[in-house]
Amino acid sequence: MIKLKQINKKIKLFEKKYGQTLVQFENKIKQSKNEDFEEWDNLIEWEAYNHFQEQLTKTINDSRNNNHWR
17 MIKLKQINKK IKLFEKKYGQ TLVQFENKIK QSKNEDFEEW DNLIEWEAYN
67 HFQEQLTKTI NDSRNNNHWR
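Note that this note's numbering has the sequence shown beginning at 17, numbered continuously upward.
These are calculated hints, taken from the structure and not from any lab test. Here the structure is a predicted model, which means the values were calculated and not measured. Fair warning: there could be bad hints in the mix.
What the hints assert, rightly or not - When the alpha-carbon atoms are kept at most 30 Å apart in a straight line, the in silico DSS-like pairs for lysine-lysine are as follows:
no.: 1; residue 1: K21; residue 2: K49
no.: 2; residue 1: K46; residue 2: K25
no.: 3; residue 1: K46; residue 2: K33
no.: 4; residue 1: K74; residue 2: K44
no.: 5; residue 1: K49; residue 2: K32
no.: 6; residue 1: K19; residue 2: K44
Make the full structure from the sequences, and use the hints.
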């Protein structure tokens, strides 16, 4: 749970920094005519945190569901 909180905190920092969701930011980056390497790096990092969040949430939920039936 601590790990999930840390990941959520990182995601919130990106949302605050750019004032948008990951999907909105990704669309902005991909439609931009100028490459901003810092933004591309942040996009990659943000996507990774998002992926980790999804996987960890799934693992936690699966674990809770398995324990529920015992």
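Need the list of violated hint numbers for this structure, in ascending order.
1
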